[in-house]
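> Going down the list, the protein sequences come from chains U and G. If you read the first sequence in my numbering, its first letter stands for residue 1, the second for the next number, and so on. If you read the second sequence in my numbering, its first letter stands for residue 1, the second for the next number, and so on.
What the hints contain is simulated information worked out from the structure, not anything from laboratory work. Incorrect hints may appear among the rest.
Said to hold, decoys possible - The calculated label-pair distances, taken between Cβ atoms and stated as ranges, are:
id	chain 1	residue 1	chain 2	residue 2	range
1	G	144	U	126	47 to 53 Å
2	U	166	G	70	24 to 30 Å
3	U	171	G	48	24 to 30 Å
4	G	70	U	126	28 to 34 Å
5	G	69	U	47	35 to 41 Å
6	U	32	G	166	18 to 24 Å
7	G	154	U	151	36 to 42 Å
8	U	8	G	142	15 to 21 Å
9	U	112	G	23	36 to 42 Å
10	G	66	U	57	28 to 34 Å
11	G	154	U	33	50 to 56 Å
What the hints assert, rightly or not - Pairs of lysine to aspartate or glutamate residues, derived as DMTMM-like cross-links and limited to a Cα-Cα distance of at most 20 Å, are as follows:
id	chain 1	residue 1	chain 2	residue 2
12	G	158	U	39
13	G	158	U	10
14	G	158	U	19
15	G	158	U	17
Small disclaimer: the values here were computed from a predicted structure and weren't measured. Note that the Cβ used here is the ideal one computed from N, Cα and C, for glycine as well.
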Amino acid sequence: MSGTRHGTVEELLAVRDGEGSGWAREHVAGCPACAAELERLEQVRAELRALPSFAPPRDVWPVVREAARRERSRRRVSAWMGLAAAAAVVVLGFAVLHRTNTVQPEDVALRQAMAESAAMEQMFESLHPDRRALSGQAASVVADLEDQLAQVDAALNDTATWRSDPDRVAGLWKQRAGLLSALVDVHETRASVAGL
Amino acid sequence: MADTIPLAEAKSLVARARAGDFAALEQLCRAYERPVYTLARRLSKSPDDAEDVLQETFLEVCRSLKQWRGEGSLWGWIRTIAASKALMRYRREKLRAWEPLDDDVARQSEDVPLQMDLEAALARLPERSRAVVWLHDVEGYTHEEIAELMGMTTSFSKSQLARAHDRLRRWLGAGAEQ
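Bound-form chain U, shown alone (with noise of 0.2 Å):
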């Protein structure tokens, strides 16, 4: 037996770890009631990993879809909200800056493009898409094209982009839409498919 003293339990805890100290370690190697008690340690855990698992008393996925429908309710909601918002901070200052009888060439290309965003999101949200269920693949379409959308709205929610860039808004507007009507596609062949 290697040294004066017995391990401490934290000592032999860290060589079962395999962090233990090399005199901890060469000291079990030559100490029987150390490593009589380092077996023990190492049944302990094995005794504890096998103890039986809980089930839930009571069903927790009625609660987690209700409250999963309102986050999603109220996340398209918001991201409404400061959109139009945004919108109506730059129709103002279009009206500001423009005061005269003639439309300006980049009204009309922002109003279409707004106009176009609009139709396809409620188009996109007369699919339902919450209540549907999608395959792997088409999914995975999906959270991308969200994930795209919610950097178009990043954008333009963001009231520096139109102010520093106004013509890149309507771009963003017609990107909007594009992204909707790749979503109303993924739905709608969903719906075919699925004869919906």
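Model the placement of chain G on the given structure of chain U, informed by the hints.
Same frame as chain U, but now just chain G:
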């Protein structure tokens, strides 16, 4: 616990759940409700608290699905959320009301009869010690990970584990003096 859902299937389920597919979300909840509840029971004061942790965990999973990129095991990610929720409740309760310190509780329990079974001995451990034992010995967390989860140091985690095993040894009736 090993992940009950293979990684490829987990990725597909998460993608569907993120896209608003409630059937996929339900499948995820069903697959992990038992391991999450078991972990919550081991880390919580009562079965009621564990049920709250179960619910809070899945609500957080729903909110944060985008954060799981499929790089590690889905169970590992969900398990860390569940452990954080359970330990957060513990910290909140400690702040809210006066409670005897863990060591006081343990000291009062030192003279219990020997030969308890492991389940009873584990339940008798102070909450923080029990959490460290469970997270380290059963769930496989390192002391560094436990320290981060609990907002403590790695030395704290190591000493809690050693004290817990020392008590378990006495309570399980294997306390032959060295």
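> Hints first: check each against the structure and report whether it holds.
How the hints compare with the structure:
Between residue 144 (chain G) and residue 126 (chain U) the Cβ separation comes to about 52 Å, which falls inside the hinted range of 47 to 53 Å. About 39 Å separates the C-beta atoms of residue 166 (chain U) and residue 70 (chain G), a value inconsistent with the hinted range of 24 to 30 Å. The hinted range of 24 to 30 Å is not satisfied by residue 171 (chain U) and residue 48 (chain G), whose Cβ atoms lie roughly 54 Å apart. For the hinted restraint 28 to 34 Å between residue 70 (chain G) and residue 126 (chain U), the CB-CB distance of approximately 32 Å keeps it satisfied.
Under the hint 35 to 41 Å, the C-beta atoms of residue 69 (chain G) and residue 47 (chain U), about 36 Å apart, fit the expected range. Between residue 32 (chain U) and residue 166 (chain G) the beta carbons are some 20 Å apart, a value that agrees with the proposed interval 18 to 24 Å. One distance hint, 36 to 42 Å for the beta-carbon pair residue 154 (chain G) and residue 151 (chain U), holds here, with the actual separation near 39 Å. The hint said 15 to 21 Å for the Cβ distance between residue 8 (chain U) and residue 142 (chain G), and at roughly 20 Å that hint holds.
A C-beta distance of roughly 38 Å is found between residue 112 (chain U) and residue 23 (chain G), which places it inside the suggested range of 36 to 42 Å. Taking the beta carbon of each, residue 66 (chain G) and residue 57 (chain U) are about 31 Å apart, inside 28 to 34 Å as hinted. At roughly 28 Å, the beta-carbon separation of residue 154 (chain G) and residue 33 (chain U) lies outside the given 50 to 56 Å, and the hint is violated. Taken as a hint, the residue 158 (chain G) and residue 39 (chain U) pair is honoured in the structure, with Cα atoms around 19 Å apart against an allowance of 20 Å.
For the given pair, residue 158 (chain G) sits about 7 Å from residue 10 (chain U) by alpha-carbon distance, which is consistent with the 20 Å threshold. Between the alpha carbons of residue 158 (chain G) and residue 19 (chain U) the distance comes to roughly 12 Å, so the proposed pair stays at or under 20 Å and holds. Proposed proximity of residue 158 (chain G) and residue 17 (chain U) is supported: the alpha carbons are some 11 Å apart, at most 20 Å.
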